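Based on these hints, arrange chain A on the given structure of chain F.
Protein chains: 2
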Amino acid sequence: MKLLEEKIQKDGRVLNDNVLKVDSFLNHQIDPQLMNEIGKEFAQRFAAEGITKIVTIESSGIAPAVMAGLYMNVPVIFARKRKSITLTDDLLTASVHSFTKNESNELAIAGKYLNENDKVLIIDDFLANGEAALALVKMVQQANASVAGIGIVIEKSFQPGAQKLKEQGLRVESLARIASLSNGEVTFINEKMEELV
Amino acid sequence: MKLLEEKIQKDGRVLNDNVLKVDSFLNHQIDPQLMNEIGKEFAQRFAAEGITKIVTIESSGIAPAVMAGLYMNVPVIFARKRKSITLTDDLLTASVHSFTKNESNELAIAGKYLNENDKVLIIDDFLANGEAALALVKMVQQANASVAGIGIVIEKSFQPGAQKLKEQGLRVESLARIASLSNGEVTFINEKMEELV
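If you're matching them up, the sequences are chains F and A in order.
Quick note on this note's numbering: the first sequence kicks off at 47 and runs consecutively.
Quick note on this note's numbering: the second sequence kicks off at 47 and runs consecutively.
The hints are simulated quantities; they were obtained by calculation from the structure and are not laboratory data.
One thing to keep in mind: the hints can contain errors.
No copy is singled out in the list; a pair is fine if it fits within one copy or between any two copies.
No more than 20 Å apart at the CA atoms, straight line, and that leaves these computed lysine to aspartate or glutamate pairs for EDC-like [as the list claims (entries may be wrong)]:
(1) Lys-67 <-> Asp-135
(2) Lys-53 <-> Glu-83
(3) Lys-48 <-> Glu-219
(4) Lys-158 <-> Asp-69
(5) Lys-67 <-> Asp-136
Treat the numbers as computed from the prediction; the structure is a model and nothing was measured.
Just chain F, same shape as in the assembly:
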């Protein structure tokens, strides 16, 4: 997605070979116009999938997911992160480890919001090692719903997440795919392809 790649080049900050900070438009400050375009793009890419629900994680997944939900006209559910979960309610749960923050969280979704007829689009801001997306897949499967696809705003393609998801037969659509963050520069997959041609 051209608009997003331009925004990343302009306002993203490469902290090291692994970390891209986008807290000026996605993770802390949010650019609503960009989220609107991102929502539209997800809706177009998954238009044929008969999506009934979108599932994301608090907090950074919410803005792109809600915009996608607006254009797809389906409800959005955000999984809550907890240090520990008391299993009082009928909950779908999974554990997720964040390598960036070096901490583990329990994720929870109220079971009543997903059922076996749901075709779920999972949306998240980043895809790196795939921990968060795989946890969401697990929770959707716990509800006997099906995962119709995974929509990612920024994929760090040099990390194994996308590959892991595709190996499970899942369709992954990432709006920006980063080949490398070396030398303080963002190189997108497309650019690299063009260089090779």
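Using the frame of chain F, we list chain A on its own:
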């Protein structure tokens, strides 16, 4: 806001005289069409205020705030909740106690996203005791920015938050104002006024 009041009557669950659960359309599952209308309504009510930024809190404030930001064409910043904050960055911070969850959190906003020229609209999902809104006001003031108003999705008018904010001279616009949750029923301020006439 009629549409919101109808949604609360239809899908809200009154747990007791103080607690209204709206996790089927606002706090866990989100209704994007409703958020869109809520965003439009905030944009209309604060159209004359020259708003430059919207500030909210993760997670439930994000959806209504981003929709308002879309219609007002301004960036949205969400304060992050932490158990404790390491003051490495230039951060605006405040402590907030949640009576509902009986826990305290530190809120943080990166200082670089607010400055003395900003006219800030604070948006949050609920207003009860006003703890969260007052903490956000404090953070905006730390940045020497001005608070142009406070937009609330659901105000529990029988609790003191709205009054506290108004006593500080702040403009509060709440889209649904709940007079009472007694007897398992939601009574809105408007309805009560009509009964009295």
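Hints, verified against the model:
1. In this homomeric assembly, Lys-67 and Asp-135 come within 20 Å of each other (Cα to Cα) only across copies, at 14 Å, whereas the closest approach inside a single copy is 36 Å.
2. For the identical chains of this complex, Lys-53 and Glu-83 are intra-copy neighbours only, at 12 Å inside a copy versus 28 Å across copies, given an alpha-carbon limit of 20 Å.
3. Proximity of Lys-48 to Glu-219 under the C-alpha cut-off of 20 Å is restricted to the intra-copy arrangement: shortest distance 14 Å within a copy versus 38 Å between copies.
4. Proximity of Lys-158 to Asp-69 under the C-alpha cut-off of 20 Å is restricted to the inter-copy arrangement: shortest distance 11 Å between copies versus 33 Å within a copy.
5. In the homo-oligomer, the alpha carbons of Lys-67 and Asp-136 lie at most 20 Å apart only across protomers (16 Å), although the nearest pairing inside one protomer, at 36 Å, exceeds that limit.
Every hint from the earlier list agrees with this structure, and none is contradicted.
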